[in-house]
Amino acid sequence: MKILVPVKRVIDYNVRPRVKADGSGVDLANVKMSMNPFDEIAVEQAVRLKEAGGAEEIVVVSVGPAKAADTLRSAMAMGADRAILVQTDETVEPLAVAKILKAVFEAEQPGLVILGKQAIDDDCNQTGQMLAALTGRPQGTFASKLEIAGEEALVTREVDGGLETIALALPAIVTADLRLNEPRYASLPNIMKAKKKPIDTKAPEDFGVDVTPRLRTLKVSEPPTRAAGILVGSVDELVAKIKDMGVVA
Amino acid sequence: MKALVLAEHGGGTLKDSTLATITAATQLGEVTVLVAGQGAEASQAADAAAQVAGVGKVLLADDAAYGQMLAENVAALIVPLMDSHDALLCPATSNGKNIAPRVAALLDVMQVSDVLSIEGERTFTRPIYAGNAIATVESTEAKLVLTVRGTSFAKAEATGGSAPVESLTGAGDAGLSRFVGCEDSASDRPELTSAGVVVSGGRALKDAETFAAIITPLADRLHAAIGASRAAVDAGYIGNDHQVGQTGKIVAPQLYIAVGISGAIQHLAGMKDAHTIIAINKDPDAPIFQVADIGLVADIFTAVPELTSKL
Ligand SMILES: Cc1cc2nc3c(=O)[nH]c(=O)nc-3n(C[C@H](O)[C@H](O)[C@H](O)COP(=O)(O)OP(=O)(O)OC[C@H]3O[C@@H](n4cnc5c(N)ncnc54)[C@H](O)[C@@H]3O)c2cc1C
Ligand SMILES: Nc1ncnc2c1ncn2[C@@H]1O[C@H](COP(=O)(O)O)[C@@H](O)[C@H]1O
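Going down the list, the sequences are from chains A and B. So for the first sequence, our numbering puts the first residue at 1369; every next one is plus one. So for the second sequence, our numbering puts the first residue at 59; every next one is plus one.
Any given hint could turn out to be false.
What the hints assert, rightly or not - Derived DSS-like pairs: lysine-lysine, alpha-carbon spacing no greater than 27 Å straight-line:
no.: 1; chain 1: A; residue 1: Lys1418; chain 2: A; residue 2: Lys1609
no.: 2; chain 1: A; residue 1: Lys1370; chain 2: A; residue 2: Lys1587
no.: 3; chain 1: B; residue 1: Lys368; chain 2: B; residue 2: Lys340
no.: 4; chain 1: A; residue 1: Lys1587; chain 2: B; residue 2: Lys264
no.: 5; chain 1: B; residue 1: Lys213; chain 2: B; residue 2: Lys60
no.: 6; chain 1: A; residue 1: Lys1400; chain 2: A; residue 2: Lys1587
no.: 7; chain 1: B; residue 1: Lys368; chain 2: B; residue 2: Lys264
no.: 8; chain 1: A; residue 1: Lys1418; chain 2: A; residue 2: Lys1370
no.: 9; chain 1: A; residue 1: Lys1609; chain 2: B; residue 2: Lys340
no.: 10; chain 1: B; residue 1: Lys264; chain 2: A; residue 2: Lys1513
no.: 11; chain 1: A; residue 1: Lys1370; chain 2: A; residue 2: Lys1435
no.: 12; chain 1: B; residue 1: Lys60; chain 2: B; residue 2: Lys201
no.: 13; chain 1: A; residue 1: Lys1513; chain 2: A; residue 2: Lys1418
no.: 14; chain 1: B; residue 1: Lys201; chain 2: A; residue 2: Lys1611
no.: 15; chain 1: A; residue 1: Lys1435; chain 2: A; residue 2: Lys1565
no.: 16; chain 1: B; residue 1: Lys340; chain 2: B; residue 2: Lys264
no.: 17; chain 1: A; residue 1: Lys1611; chain 2: B; residue 2: Lys340
no.: 18; chain 1: B; residue 1: Lys368; chain 2: A; residue 2: Lys1609
Think of the hints as simulated: they come from the structure by calculation, not from any bench.
Only chain A is shown next, with the shape it has when bound in the complex (with noise of 0.2 Å):
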């Protein structure tokens, strides 16, 4: 079995964000930008079910500009063997982003699809369950544990209500929650072997998707803020407070 797994670049989710004074959008000239941390996940999770015999191939596939060739890197370096970038310096959406896995999954043919379950820039939460939809295949979203069971995907997923586990036709659409597992440092002989490792880039074009956005960002802006609080010198003064706010009876 083959598995494809998208991984984008985003801003390092340790930086703060700042919003431009301009209201155009958010900083990110200088600043540190790494593989959106879910996209981890799902790398490390492919690498295992390959390193368990359950796969023979990891294809690692990114939409953005010429840097996010650094992100499929950090990818083959956890032990992904190959790479596609789709080359853009636009600002892609979730179904743009999707209708181009469409167009690889189609060449590619995996058995499985990891993705990540947001992008910690647009936290949108759209790709996966888009990507699915488009290649008329099942969807297992925000999955904390994943196994292959003969024809199918089971696929523990984090809900509201607690966990809840359902069997996916293979191919099958995955995206990934935190708990799914702890993805490894890459050690530094891989980082070495991954820069030999293939990247073969495209454009959006060569895929024939249009990726004119559909929505159009008016503006961006500070959420507001909170007023300063006090402290309290002790747990007395603590309760004084709470009792004052008349939430207990």
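Add chain B with the ligands to chain A, keeping to what the hints say.
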């Protein structure tokens, strides 16, 4: 505009997130509520939806294929309904987030996720970068597909309406997926996302026993729901459905008490809209104090039991 709301229901009643989504839908136009499910619980939920103020019509799809809200089946049910509706609104819950994008892609439209406010017929605000920025976006799509953040809209009145309930037959089981089982963490506590008071614990709580020993009595005293940081959930102190944050649940209670939580941006994303935030942490430099209205620098193992006993 004709708006279709996908109801989230359980045990024959509508979830609060559905009532909030109905409020958002009434800001767009005429509201139809779709109740998909199976058996008596679904028809009871449909009857409940018919009573909600502002609802014009209820569609009930009662079929085993919709009993577990499998996305493949429910999306296929919704798509043909969009011929006669201009907008689909789903609560931004794990269920809504699962289904809405599948519908959007089948309609070839881009979804607007996690709508915080409706600024105009096609203009919405939504959080990006873990809520560190708010984007105002305008949709150019023929059909709107939105997920709605429940804490950002008031709940529609559960009574006052008298909408007709129409039965609907969908395509049934797509044969792509199968429900295997679930571990529901049933509890008689208030629901986390709509509770008036939330007491949350972090990594400092050490283990599941200590978490329960410190957090539960305080939550009991305040009739509060229990939340947790990702670190506390990852370490197994409490179930995943208690996680508050960018990737967990979004809460906006009257009072949020953060116990032994540092205040990472991913955690703040889920609770900084609380009316009052209290933080108890031994580190005076913990970032949680920057958003807290009332802070107490103290060891939680002595301060929290003392607080509980004195309240
Ligand atoms: C993609 C991504 C998504 C994430 N999503 C979420 C999310 O949805 N929700 C979430 O919560 N996190 C999320 N995180 C994790 C987040 O970055 C933090 O790691 C996490 O919130 C830390 O949890 P914590 O505050 O409990 O632990 P820590 O950061 O370890 O903080 C523990 C705190 O307890 C205090 N403490 C220790 N002992 C005591 C004591 N005896 N008395 C008083 N205080 C004490 C310490 O001073 C410290 O401030 C996410 C991370 C990533 C990368
Ligand atoms: N530009 C992209 N390139 C590759 N994968 C992407 C891209 N955008 C989104 N994805 C994948 O889709 C997931 C969900 O993203 P989103 O729907 O934007 O929240 C991510 O975790 C990635 O796995």
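Hints, verified against the model:
The straight-line distance between the Cα atoms of Lys1418(A) and Lys1609(A) is roughly 56 Å, outside the 27 Å bound, and the hint therefore fails. Between Lys1370(A) and Lys1587(A), the direct Cα distance comes to roughly 41 Å. Violation of the 27 Å bound is thereby established for this hinted pair. About 20 Å separates the Cα atoms of Lys368(B) and Lys340(B), which keeps this hinted pair within 27 Å; it holds. Between Lys1587(A) and Lys264(B) the CA atoms are separated by roughly 43 Å; this puts the pair beyond 27 Å, and the hint is violated.
The straight-line distance between the Cα atoms of Lys213(B) and Lys60(B) is roughly 20 Å, inside the 27 Å bound, and the hint therefore holds. Using a Cα cut-off of 27 Å, the hinted pair Lys1400(A) and Lys1587(A) holds, with the two alpha carbons roughly 23 Å apart. Distance check on the hinted pair: Lys368(B) and Lys264(B) sit about 24 Å apart at the alpha-carbon level, within 27 Å; holds. For the suggested pair Lys1418(A) and Lys1370(A), the alpha carbons sit about 9 Å apart, so the restraint of at most 27 Å is met.
With a CA separation close to 19 Å, the supplied pair Lys1609(A) and Lys340(B) stays within the 27 Å bound. A distance of roughly 25 Å separates the Cα atoms of Lys264(B) and Lys1513(A); the hinted pair therefore holds under the 27 Å criterion. Distance hint between Lys1370(A) and Lys1435(A) is fulfilled; the C-alpha atoms sit about 26 Å from each other, no more than 27 Å. Taking the CA atoms of Lys60(B) and Lys201(B), the gap is near 10 Å; set against the 27 Å cutoff, the hint holds.
In summary, the hint linking Lys1513(A) to Lys1418(A) is supported, as the alpha carbons are separated by about 16 Å, within the 27 Å threshold. Proposed proximity of Lys201(B) and Lys1611(A) is contradicted: the alpha carbons are some 49 Å apart, above 27 Å. The straight-line distance between the Cα atoms of Lys1435(A) and Lys1565(A) is roughly 16 Å, inside the 27 Å bound, and the hint therefore holds. Using a Cα cut-off of 27 Å, the hinted pair Lys340(B) and Lys264(B) holds, with the two alpha carbons roughly 15 Å apart.
For the hint pairing Lys1611(A) with Lys340(B), the CA-to-CA distance comes to about 23 Å; that is within 27 Å, so the pair holds. For a cut-off of 27 Å, the pair hint linking Lys368(B) to Lys1609(A) stands: about 12 Å separates their Cα positions.
The structure shown violates the earlier hints numbered 1, 2, 4, 14.
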